[in-house]
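Chains as they are written, first to last, in our numbering: chain A, 187 to 933; chain B, 12 to 175; chain C, 385 to 806.
These are calculated hints, taken from the structure and not from any lab test.
Where a beta carbon is used, it is the ideal one built from N, C-alpha and C, also for glycine.
Take the hints with a grain of salt, since some may be wrong.
To give a feel for the contact side, a few chain A residues facing chain B, derived at Cβ under 10 Å [unchecked claim]:
| id | residue |
| --- | --- |
| 1 | Q266 |
| 2 | H417 |
| 3 | P498 |
| 4 | R613 |
| 5 | R870 |
Derived SDA-like pairs (lysine to any residue); straight-line CA-CA distance at most 20 Å [claimed, not checked]:
| id | chain 1 | residue 1 | chain 2 | residue 2 |
| --- | --- | --- | --- | --- |
| 6 | C | K440 | B | S164 |
| 7 | B | K125 | B | A80 |
| 8 | C | K440 | A | R916 |
| 9 | C | K590 | C | G650 |
| 10 | A | K928 | C | P441 |
| 11 | A | K928 | C | K440 |
| 12 | C | K440 | A | S778 |
| 13 | A | K928 | C | G650 |
| 14 | C | K550 | C | V645 |
| 15 | A | K928 | C | V645 |
| 16 | C | K440 | A | R600 |
| 17 | C | K590 | C | F548 |
| 18 | A | K928 | C | N429 |
| 19 | A | K389 | A | Q375 |
Simulated restraints on C-beta separations [to be verified]:
| id | chain 1 | residue 1 | chain 2 | residue 2 | range |
| --- | --- | --- | --- | --- | --- |
| 20 | A | S773 | C | D505 | 32 to 40 Å |
| 21 | C | W396 | A | R775 | 46 to 54 Å |
| 22 | C | G650 | A | R812 | 15 to 23 Å |
| 23 | B | D102 | C | R537 | 39 to 47 Å |
| 24 | A | G741 | C | A487 | 47 to 55 Å |
If you want the building blocks of each chain, they are given just below.
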Amino acid sequence: MNVPPRIHLSRRTLLAGGGALVVSFSLRAAMAQDAQSTGPEPRQAPLPGSLKGSPMLDSWIRIAADGSITVFTGKAELGQGIRTALVQIAAEQLGVAPAAIALVAADTAQTPNEGYTAGSHSMQDSGTAILHAAAQARDILIGIAAGRLSVPVERLKADGGAVHADDGRRLAYGELVAGNVLNVRAQPQSKLREASAHTIMGKSMPRVDIPAKVTGGVAFVQDLRPPGMVHARVVRPPSYSARLRDIDVKPVERMSGVLKIVRDGSFLAVIAQREYLAVMAMRALADAATWNENAQALPEEQTIFAHLEGLPAEDSTILNVGQPASGARMVEAAYRRPYQMHGSIGPSCAVAVMENDALTLWTHSQGVYPLRKAVAEMLKMPPERIRCIHVEGSGCYGHNGADDVAADAALIARAFPGRPVRVQWMREDEHAFEPYGPAMIARAKAALDRDGTIVDWEYHVWSNTHSTRPGAAGNLLPALHLAAPFFHPAPRPLPQPEGGGDRNAIPLYRLPNARVIHHFIPTMPLRVSALRGLGAYMNIFSLESFMDELAAAAGADPVEFRLRHLDDARAREVITTAAQHFGWRSSERLPSHHGRGFAFARYKNLAAYAAIAVELEVEHESGRVRLARAVAATDSGEAVNPDGIRNQIEGGIIQSASWTLYEAVGFDRMRITSRDWGSYPIMRFAGVPERIDVHLIDRPGQPFLGTGEAAQGPAAAAIANAIADATGVRLRDLPFTPERVKRAIGV
Amino acid sequence: MITLTVNGRTHQSDADPSTPLLYVLRDDLALNGAKFGCGLGQCGACTVMVNGEAIYSCVVPIAVLEGRAITTVEGLGTADNPGALQRAFIDEQAAQCGYCIPGMMMRAHALLQKNPTPSDEQIRAALQPNLCRCGTHMRILRAVRRAAQTLTSATATNPKEGVR
Amino acid sequence: MTVLGAAGFVAWAWEPALALNPPPDRSSFDRELVQRGAELAAIGNCGVCHTTAGGKPFAGGRPLPTPFGTIHATNITPDPKAGIGQWSEAAFERAMREGVDRAGRHLYPAFPYDHFTRLTDEDVKALYAFMMTRDPVRVTAPANDLAFPLNIRLSVAAWKLLFFHKGRRQLEAGHDATWTRGAYLADAVAHCGACHTPRNALGAQKRGQDFAGGSSEGWHAPALNAQSPAPVPWTADSLFTYLRSGSAPLHGTAAGPMAPVVHNLGGVPEDDVRPIAVFIASVAGPPSPERQRMADELIQRLSNPETVGLAADGQPGAAIFAGACATCHSETRLRGAAGAINLALSTAVNAPDPRNAIRIVLDGIGPAQDRRGPLMPGFSGALTDGQIAQLIGYVRAQFSTQPAWHDLETTIRRIREGKDQS
Ligand code: FES
Ligand code: FES
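When you get a sec, could you build the whole thing from the sequences and use the hints?
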């Protein structure tokens, strides 16, 4: 075991220096180098989490002379409760009350660049960075106090925003921070508070954002009203291929209260004094516009999977162990998942203002820095002249219309400088133009030996990319419609180990001989990008359905069969925990048409572990699936806000159940036909289970493991497995609509 | 000019009588509670209460609201002094993104006014028109149950209290 | 004389109880026969009446409001106690063909045996096979709530004497096989006329007025004959689309009691639905040139609309329409947001009876939560009776060529109070 190197300040150094500033200089010298220095990275262990990219402590934590503490994160609140968890971490390590911390999140003028808030990375990246930054900041303050009070650090304690000596003397943080004491490079390791001594981390803390949300406070970008704000709406083309042929804007221009009509190629928008007028004017423009559309732009919805499999693919073998082998029994199956949407309840929204050739954008984008880069490219402006500030939007679950509407707002604000412009998409815009989770196909084949052990495994997955996020202007919807249009950059597969379409395509199970092949399809018939879990939803659905099919072939209990092939102790523990709380007994007979199903995965094979058991009933006459209950067990490493984790898992199960039972984007040869909640139904209260129980396996002291997407795949497979248990019929094509189920089970 | 009574206060609105209430609440009265979700009466994000009934404010023009009592989530209490329903949602941590929540609360509020002791089934049925994409349903149900309990026990001790 | 006559009637009306039959083994039924029975049951809409909201399929209990009181559908699952598990095929057949249950009691004609009596033997067999292979459910349906004298079962026998014609009837000759099949399915199985044909004071379908428009559960069942109020005449193709998918682009969406009908037809073979569409289209016959011309003009006008601004009409109904309806129901175009039709195409708006329009405004239209389909909110909480009357009056004036409806407010109030059930 390595002993973590502590920030070592001998009493002599401190006394010799004799002042905070000097200490800080000496610290700086001892610890690393100044932020401004451009010298080569010192060769040492990598810094934890996002400290890698932003190593200066004061990028993360600043303490003012009045003692007020500000914590900075490049990650954004998306409804996952990240603000609260980050505040807990900082408060715990700094020894202050959570309420004493102000958190600034995702602002290109203020916070570190942490890329996207995605992939369940926030806790691993930002949480880890803040954990270490806060611990190191605390030790710096203790070190300074030691110098001032002339006592060894062993006799000092940080608590309540001050450093206390055992003789009763205290120095408030504000008194200790003269100079840039936190303007130092972080160390690879920190002296973290003992997990057993935690009073804030690991305890469920009420979310800091909820009170405003339930009382009508300003909580969302939709709620911003900077003085002088005007409203705009965009007239979206009726389809991907549509380009504006002709429009007479004059009658709309003459409507009183209409301030301006913005047109650039096929990008058409209207600015009005009042919001409803903007909506009416937008509708009038839509009525007046004529478009050129390609009547054969899209493939047939009915044969989309054959179409996709027929497209050219770039194949990569992402796992190849052992030799192809045969066994006593061969099992084969294919699974399909249609396009599915994020379906944010609040359509995307942004506010932008162009003043003195500088653009400020309030956005619920998941990545303020990449958005800034893309908007800069689109507007041909230097990025330094653009500031993107994250303000929460409605839950996004990945790459929805957030960036596109920000680009809309930027274009409109440029055409109408001096006034803040608020743009919100209409429901139809969000449904028809958000980038969907891609349609996918998986084919699995395995061999079992006589004892029911998997001896060979082959798995293929076909998919488009799972990220067309900005960074490039060509990934912003309105940029495609400009008179001088941008074009989609060539899509690329996201690399392993996290992967995109192949995320979680490699099972965690013990497989002596296995091949996993990712068939990456560059051509995108429908607009696609990251939807919660990316390929993991489909791959886990497929793998974990297939594991049940194998268990059935082996005559084994599904839970026992999984354990039989699993070495990872933490994986085994979530499985046994979920099974036990569920009351999983393979011998137990359920009422007729009832079934139960089990599934497990470790998200990305790197993040949180989740096992889910589901009980449901299939109404035989209608084929309707009624969820009765779900029990989940998760291991997210050290749990910072246990209730926050539970909330994420509960929500993930319900959302995944909605995808799995109901959802598929509809389209004809020309247009998207799922344009409202009637043509794209999602789960409502009548469909949610009677209860969901989430059991946490806390691992104090262990690294944080992102949880936000951990439930999506296992919930889907558990439902599929439970339907198979209830009906004796295996369904492999998502979603499991009543019609499909009924057709499969027959009369 | 149409006179609207919102959370007990009257306002003159110069908006066109056909303007849906939602836009007047948000843009003219600067109330954030009611949200735009679909503008089609399909999701319930814009739900407010009018004379005891939950309505979709995105499809109800102000022309029909003269003289009727409009209640939004702001009328249930404040962040510093939350009403029973708001308290219950905070206590149950019944939000993820929270965008759907004010609409859920107003629909629940209208239910509890009519039926202070709803069964689980009745709560689900009442909330059926409202969508939540984050999957916060279990917590929303718990919060409504909790609010019903606090309100009925409050009414038991002091009959004047009750749903505001 | 009277006494003798009454005795004679009683003797005539008396039906024997049929023997209890040990419940047949499920596996004794041929799978294909069961499958056929399932399709017939779907076309015949059995599950809709015989299943209560939230209840188990076919376990009965659903209240059927009639002008004479409330009838509760019976449990037709093969449960030996609560259902028909001990019914022999002969008993089942007698119920279907004669409206007499196994114990010999006359059944109320809310159960449309006046149609089922014309089923083929093979189809009765298939329906029996289907019913006897369902999940048995032990739930007893609540008792009926009928006024005297209808609460006396014998009065049903009197009703039958007057109006019931047992047995198959000769179908009109000179049609092709598709039409003939459609006529049979529409009449003997789907019993379309049960709602779409007007009924007399005693609740029997009026002779000689087939498909002239009727009522069901407080909804107007529009005429399917030449009097059809549809602004665009129905064709076999548009009917087929409508019956299969629940809506047709130039007609709109099924609502009320028709919604479950089209839902069921969505799941049966096309070969069954197509003939029904062909037959129903033939009931109206080809439209008059005048009617067709008006329809063509309407479609032409809505397909090439002119630009509009804000609705500036001073009528109160216009403002309500603009704020509540116009987003989806465009005033000028064929369809608006969410794919809703222009109301000039709506049968409900153009029908002689305003009840459907009222009910749709009050309660909206919605598919089951897990299905795709048009989704319209209800306005019962938002609009007063007077405001709905203003709105519907405006819509009628604006979007139909038909005369104004009268007394809208009274009808709206009666519907709200649950007083309009027929
Ligand atoms: S915003 Fe009103 S119902 Fe969706
Ligand atoms: S909490 Fe996000 S939509 Fe309900």
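*Measuring from the C-beta of H417(A) to each C-beta in chain B, is the shortest one below 10 Å?*
holds (8 Å)
*asked:* Hint check: K928(A) vs K440(C), CA-CA at most 20 Å. Holds or violated?
replied: holds (16 Å)
*D102(B) and R537(C), beta-carbon distance inside 39 to 47 Å?*
violated (58 Å)
_Restraint check for K389(A) with Q375(A), where alpha carbons must lie at most 20 Å apart_ = Violated: K389(A) and Q375(A) sit about 24 Å apart, past 20 Å.
*Would you say the C-beta atoms of S773(A) and D505(C) sit inside 32 to 40 Å of each other?*
Hint violated: Cβ distance 47 Å, outside 32 to 40 Å.
*Compare the distance between the alpha carbons of K550(C) and V645(C) with 20 Å, and conclude whether the hinted pair is satisfied.*
Not satisfied, since the Cα-Cα distance of roughly 25 Å exceeds 20 Å.
*Distance restraint between K440(C) and S778(A), which requires alpha-carbon spacing of 20 Å or less*: holds (13 Å)
*Is 15 to 23 Å a correct range for the gap between the Cβ atoms of G650(C) and R812(A)?*
holds (21 Å)
*Quick one, are K125(B) and A80(B) close enough, alpha carbons at most 20 Å?*
The hint holds at about 16 Å.
*Could you check if R870(A) really has its C-beta closer than 10 Å to a C-beta on chain B?*
holds (5 Å)
*Taking 20 Å as the top limit, are the C-alpha atoms of K928(A) and N429(C) close enough?*
Roughly 17 Å separates the two Cα atoms, so the pair holds.
*Between W396(C) and R775(A), is the Cβ distance one that fits in 46 to 54 Å?*
holds (53 Å)
Comparing the model with each earlier hint shows violations of hints 3, 6, 8, 9, 14, 16, 19, 20 and 23; every other hint is respected.
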